[in-house]
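*Asks:* The residues making up each chain are set out below.
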Amino acid sequence: MNLDELAERCGEWLKGSGPESDIVMSSRIRLARNLADYPFIRRCTEQDRAKILRTLRDRILNSQELPNVSYVDVAALAPVDRQFLVERQLISRELSESEGSRGVLIDAEEKFSVMINEEDHVRIQVMSSGLALQSAWEQINRIDDLIEQKVTYAFHERLGYLTACPTNVGTGMRVSVMLHLPALVITKQIDKVFRSLQKISLAVRGLYGEGSQAMGDFYQISNQITLGRREDELIRQVSEVVPVMIDYERRAREFLIKQSQKDLHDRVSRAYGILCTAQTISSEETMMLLSSVRMGVNLGLIEDVAIPTINQLFIHTQPAHLQKIRGMELDTADRNVERAHYLQRQLRPRKADDGTEKN
Amino acid sequence: MPMKCLNCEKPATFHITELTGEQPQELHLCEECARSYLMQAEDKSDAGAPTLAGVLAQQLKLGQTAQELAKLDQRACPVCGITFYEFRQQGRLGCPHDYVSFEKELEPLLVNIHGDHAHVGKRPKRVAQSTDRRTELIRLRREMEKAVAKEDYERASQLRDQIRAFEEKEEGH
Chain A
1 MNLDELAERC GEWLKGSGPE SDIVMSSRIR LARNLADYPF IRRCTEQDRA KILRTLRDRI
61 LNSQELPNVS YVDVAALAPV DRQFLVERQL ISRELSESEG SRGVLIDAEE KFSVMINEED
121 HVRIQVMSSG LALQSAWEQI NRIDDLIEQK VTYAFHERLG YLTACPTNVG TGMRVSVMLH
181 LPALVITKQI DKVFRSLQKI SLAVRGLYGE GSQAMGDFYQ ISNQITLGRR EDELIRQVSE
241 VVPVMIDYER RAREFLIKQS QKDLHDRVSR AYGILCTAQT ISSEETMMLL SSVRMGVNLG
301 LIEDVAIPTI NQLFIHTQPA HLQKIRGMEL DTADRNVERA HYLQRQLRPR KADDGTEKN
Chain B
1 MPMKCLNCEK PATFHITELT GEQPQELHLC EECARSYLMQ AEDKSDAGAP TLAGVLAQQL
61 KLGQTAQELA KLDQRACPVC GITFYEFRQQ GRLGCPHDYV SFEKELEPLL VNIHGDHAHV
121 GKRPKRVAQS TDRRTELIRL RREMEKAVAK EDYERASQLR DQIRAFEEKE EGH
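In order, the protein sequence lines correspond to chains A and B. Reading the first sequence from the start, the letters are residues 1 to 359 in our numbering. Reading the second sequence from the start, the letters are residues 1 to 173 in our numbering.
Just so you know, these hints were derived from the structure itself, not from any lab. All C-beta atoms, glycine included, are put in the ideal place defined by N, C-alpha and C. Any given hint might turn out to be false.
Pair by pair, the computed Cβ-Cβ distance ranges are [to be verified]:
| hint | chain 1 | residue 1 | chain 2 | residue 2 | range |
| --- | --- | --- | --- | --- | --- |
| 1 | B | A70 | A | E240 | 41 to 49 Å |
| 2 | B | Q74 | A | R326 | 51 to 59 Å |
| 3 | B | A165 | A | R142 | 30 to 38 Å |
| 4 | B | R123 | A | E94 | 26 to 34 Å |
| 5 | B | A118 | A | R236 | 14 to 22 Å |
| 6 | A | S239 | B | Q67 | 45 to 53 Å |
| 7 | B | Q74 | A | E94 | 23 to 31 Å |
| 8 | B | G91 | A | D145 | 27 to 35 Å |
Residues on chain A that point at chain B, a partial pick, calculated with CB under 8 Å [unchecked claim]:
| hint | residue |
| --- | --- |
| 9 | D37 |
| 10 | Y38 |
| 11 | V169 |
| 12 | G170 |
| 13 | T226 |
| 14 | R230 |
Bound-form chain A, shown alone (with noise of 0.2 Å):
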């Protein structure tokens, strides 16, 4: 797989097309598993983890029903490149930064990723734009399915898929959803709603997951629980709960509609005024006014800008992604320049060759 060409493209689950996709920006599942024979990964020898990562990379790649699936090894990158697939969200920074045999299978459309060798063995993941877990479990079980019809996984009678940690073992699975929440971040109700939403046991983490800030006010929320309740109960409890979400967010963008339309266009109108002409401009700037943007968008407030662009750019204008883009390493200060550059060629609208402008 060649990443340089990776970098121009977007993942479909960015494309901004599923149902409720002005607040959900994506749905994912994870599976965790792990095979029957070997230690798990922190008791593994070298030898070990180089068998493991062959077996599974090779069910994978022969399979006749997984086509346009490419395998990436992941101790044989350079730091930027594993940052790339981090910020891309095909790969944990727990899989980037460990060491060892380890490697990952990306799906031509990004729309699932396998990862071999992090936590546990075996971890998929399947990733769909808006609210689209349904359709994202029926592929991840086939998937699952498929690794399985070869090899055998870590299975109790009682305790179902065994995992390297207590917190993942039963089902493996993790069900999650990002929301974009900026009106309740404006309004200061965000902790509050986070609050209730443990004392159900559902978790709250940023952007890119367990340990996270929430940049550019994207949240994951995900079950906590995998034992005891089956598939589809865990994903209902989060579909059930991501109505409510939603209901929360557009009451506080009316709320804030109502106080003052006036504020608020000004507000979204500024910082697309930034993001179009500044000359240097850092990572985190760029997010939080991108929000902004966003949510201005939707609510119809700037209009010549659609959705899929500023999802994009919300991972395009990351430091591995400018660089990869660009096609050479840059320090902060460059990177800055370059940023403000990208966001300048991606927003402002164009003068086409007869001078006329278009969009």
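Place chain B on chain A using the hints.
*Replies:* Structure of chain B alone, referenced to chain A:
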């Protein structure tokens, strides 16, 4: 004479082993002081989702003496060799068989995390009973490594043949 509470004059009825410091420390408290001690410990741990280490420490605090704990810490899984102490430190298990080796200790932990102790979801389509037989391979490979490390090549080659036979039989079926 009954032991007195560390904080007041009442008899100590709770014996708590504190695991958060470098050495396990025993605290002898009366019911009232024990309750406020445990509440305070709970407040200190971040109000967010309980961490695995936190849940485990909390659970082991009750009803175990330092000696019992030291003994438990030394227990090792016969398949992968991980000790309970190592699991406690890292929060990650060593092999699938640990769920059998440490079943009694893990049970309350699982109930604490998941509110349940039995899986009801998807099952592998292939026969699941083979899991136990497969963990035998983990043990054999580990034994072979040990034999190689000790330069006992005769034993190592015996083990290697055993592993091969095992793998072939499994793949054939």
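*Asks:* If any of the earlier hints don't hold here, list their numbers in rising order.
*Replies:* Violated: none.
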